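2 protein chains.
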Amino acid sequence: MFALADEGTLAHQRIGDFTTEAGATIADVSIAYQRWGEFCGDPQGKNNVLLVEHALTGDSDAATWWDGLIGPGKALDTDHWCVICTNVIGGCNGSTGPSSIHPDGLAWGSRFPAISIRDQVHAEYFFLEALGIHQVHAVLGGSMGGARTLEWTVLFPETVSYACVIAVSARSSAWQIGIQTAQISAIVRDPDWHGGNYYATGSSPNAGLAAARRIAHLTYRGEQELDERFGTMPQAGEDPLGPFRDEHQRFAVQSYLDYQGDKLVERFDAGSYVTLTDALNRHDIGRDRGGLNRALASSMVPTMIVGVDTDILYPYHQQEHLSRNIGNLLAMAKIVSPVGHDAFLVETRQMDRILRNFLTLTQQVPSPDELAKKRGLFNI
Amino acid sequence: MFALADEGTLAHQRIGDFTTEAGATIADVSIAYQRWGEFCGDPQGKNNVLLVEHALTGDSDAATWWDGLIGPGKALDTDHWCVICTNVIGGCNGSTGPSSIHPDGLAWGSRFPAISIRDQVHAEYFFLEALGIHQVHAVLGGSMGGARTLEWTVLFPETVSYACVIAVSARSSAWQIGIQTAQISAIVRDPDWHGGNYYATGSSPNAGLAAARRIAHLTYRGEQELDERFGTMPQAGEDPLGPFRDEHQRFAVQSYLDYQGDKLVERFDAGSYVTLTDALNRHDIGRDRGGLNRALASSMVPTMIVGVDTDILYPYHQQEHLSRNIGNLLAMAKIVSPVGHDAFLVETRQMDRILRNFLTLTQQVPSPDELAKKRGLFNI
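Line by line, the protein sequences are chains A and V. Mind the numbering: the first sequence is residues 1 to 380 in UniProt numbering, read in order. Mind the numbering: the second sequence is residues 1 to 380 in UniProt numbering, read in order.
Simulated from the structure, these hints should not be mistaken for lab results. Note that the structure is predicted; figures quoted are calculated from it, not measured. Certain hints may be false.
Dumping the calculated SDA-like pairs for lysine to any residue here, alpha-carbon to alpha-carbon at most 25 Å [to be verified]:
no., chain 1, residue 1, chain 2, residue 2
1, A, Lys334, V, Thr310
2, V, Lys334, A, Pro338
3, V, Lys334, A, Arg189
4, V, Lys374, V, Gln224
5, A, Lys334, V, Gln224
6, V, Lys334, A, Asp309
7, V, Lys334, A, Thr310
8, V, Lys334, A, Ile312
9, A, Lys334, V, Asp309
10, A, Lys263, V, Lys334
11, V, Lys263, A, Thr310
12, V, Lys334, A, Tyr316
13, A, Lys263, V, Gln224
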């Protein structure tokens with residue numbers, strides 16, 4: 001039998017050396033995770049594990065960033081389900097990433113290789129194996145977490161019984177690569193970036209990271225929601241209409257974006273931001289699999305697709321494309337919200353209904369394994 | 001009588017000292033312009049002048065950037081119309097702007113004040129007055145040129161008989177302010193910016209200006225058009241999927257955006273880019289006029305509103321808002337195109353139909369002046 005971390009407590013699991021899809025090796029990788037709800041069932045077979053995948057700047061503390069959705073009696077009911085969330089490889093919240101210490105005692109910095117979404121899933125697979133869990137009931141997540149969820153269904157369909165893919169696409173679009181590269185550029189142009197090796201310099205590319213986040217935030221939020229909140233209002237006590245442009249005299253939306261940038265600087269590492277944004281650029285379910293739709297068609301895991309009607313970053317037509325082409329569509333759901341991409345994090349009531357529906361369906365619709373067994377019985 | 005510049009030739013008209021809406025003064029302002037087609041009619045009354053307004057990084061050479069639309073036999077037929085296009089105040093293509101020489105012999109730099117869209121229109125009004133033209137048949141333009149066109153109809157309804165407002169809104173949205181501020185930030189964070197006073201340093205904030213343009217370009221182009229062209233293709237001879245992130249190993253869309261950035265650096269001044277982008281942030285037809293819809297309702301100039309269905313920067317609902325609320329709607333037209341905002345520059349066939357229709361309508365629908373005269377006759 002195996003031992004899981006105490007409920008809600010950050011724990012670490014070493015998975016050894018890890019070689020990326022592109023052929024670089026990261027020595028002695030550790031994956032951080034948290035767990036809520038008791039494990040129940042067969043670690044090799046049917047059990048109650050829900051693997052939750054966080055987004056770009058998220059972390060393993062899913063019960064905080066999805067606090068309306070994870071807990072006793074909530075949609076991901078921890079009285080019934082064992083919810084596990086890992087920090088992604090390349091991150092900065094416990095798992096090995098650019099800010100982690102290399103075996104030589106200094107930060108990895110620029111020596112940390114590029115990783116792909118597939119690498120993230122492989123690392124998580126090795127994590128589960130190391131933990132002793134060889135099967136999960138469902139994997140689910142939004143944005144970068146949705147990309148990982150989708151890769152799970154193609155890389156390890158035998159490990160995952162059901163999947164819920166939220167607010168993401170089958171691959172990066174050119175626009176996403178463009179706007180994500182603009183964010184990377186804002187960071188690497190910061191003189192404090194030092195080619196990614198700023199960890200021992202005593203300073204960090206905070207201005208660049210904040211600038212990246214301000215751009216990103218404009219892709220996370222719907223333009224109508226932002227406009228209804230801020231319009232052309234000046235920030236209180238400031239006059240953005242003065243005779244000379246002055247960056248301290250701002251519109252309210254500028255102040256809001258500055259706040260979002262500063263908040264991220266406090267909690268996130270610029271090196272991880274660059275690494276994970278680059279991983280998003282590399283997202284492509286069709287790579288080396290005969291193209292997008294062939295890869296999607298090959299996915300036999302019953303999968304629910306969820307999108308947001310006002311998402312600028314992952315427009316809804318991308319989720320329509322997924323549901324048209326995925327091999328085993330369990331259901332499709334649309335979040336209707338002015339909020340845009342972030343709706344999967346903030347429209348808790350709609351997400352509650354969607355996730356409850358997802359879990360109900362997973363208990364009504366047989367998985368491919370169960371179907372195979374049933375067919376076997378009829379064949380007797 | 002008055003003399004106009006030779007056909008197509010860049011000429012300059014001094015308008016004296018100019019005081020901005022916010023109260024700063026720019027000494028000895030000069031406005032550059034070009035003209036195509038012979039003037040015909042009464043400079044004080046009915047004549048054949050079409051005043052074309054350029055966009056953010058445009059210039060007075062309208063017959064080049066709208067080359068399919070301006071010329072003999074084209075929609076703006078220079079055999080019949082006298083097309084005039086000025087370079088905006090604050091620009092860098094002939095009119096006084098931050099890179100121009102201050103009376104003290106050095107560049108204006110940071111001494112050049114903030115300007116608003118209204119300031120741009122006021123300067124153009126003084127230009128026309130100085131030229132001896134006190135009435136124009138129509139004013140038309142897209143994007144920042146559309147904002148100026150709209151302001152013309154409210155500031156000087158007696159000067160403009162008809163207007164065509166393309167791909168713009170009644171005021172900046174919070175999202176526009178956010179993404180435009182991100183562009184300003186990319187420039188002013190460049191160490192070569194020197195607070196706007198780089199003109200004598202021997203270097204320019206080229207990296208910042210290129211970064212700004214890359215962000216801007218992603219708002220000028222539709223995401224589906226970009227994706228159909230580039231998708232996740234690597235740039236020829238480069239590998240963006242290598243074991244380490246490398247800015248010289250790019251996706252095709254990155255190379256395309258780099259090219260757009262570099263091209264702008266060659267032809268545009270960073271100081272003007274900041275000044276004009278800030279002017280866009282300040283765009284608000286409702287300021288000091290009792291709010292947006294009251295200001296729009298007060299506009300008696302027959303105005304055609306044009307939008308693009310896939311415009312991310314000025315979404316079509318903003319043109320719907322304009323046409324619902326403008327006081328004298330001549331017509332509305334939608335450009336259907338995957339291209340996004342830039343469609344008004346590149347969808348020449350659709351723009352040709354729209355502009356021909358606009359000019360036909362201006363000859364069928366009486367202007368408020370003509371209506372007043374007719375009513376006068378009936379009252380006899």
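Hints versus structure:
{"no.": "1", "hint": "A:Lys334 to V:Thr310", "verdict": "holds, 21 Å"}
{"no.": "2", "hint": "V:Lys334 to A:Pro338", "verdict": "holds, 24 Å"}
{"no.": "3", "hint": "V:Lys334 to A:Arg189", "verdict": "violated, 40 Å"}
{"no.": "4", "hint": "V:Lys374 to V:Gln224", "verdict": "violated, 50 Å"}
{"no.": "5", "hint": "A:Lys334 to V:Gln224", "verdict": "holds, 20 Å"}
{"no.": "6", "hint": "V:Lys334 to A:Asp309", "verdict": "holds, 22 Å"}
{"no.": "7", "hint": "V:Lys334 to A:Thr310", "verdict": "holds, 21 Å"}
{"no.": "8", "hint": "V:Lys334 to A:Ile312", "verdict": "holds, 21 Å"}
{"no.": "9", "hint": "A:Lys334 to V:Asp309", "verdict": "holds, 22 Å"}
{"no.": "10", "hint": "A:Lys263 to V:Lys334", "verdict": "violated, 41 Å"}
{"no.": "11", "hint": "V:Lys263 to A:Thr310", "verdict": "violated, 33 Å"}
{"no.": "12", "hint": "V:Lys334 to A:Tyr316", "verdict": "holds, 22 Å"}
{"no.": "13", "hint": "A:Lys263 to V:Gln224", "verdict": "violated, 32 Å"}
Consistency note: the structure conflicts with the earlier hints numbered 3, 4, 10, 11, 13.
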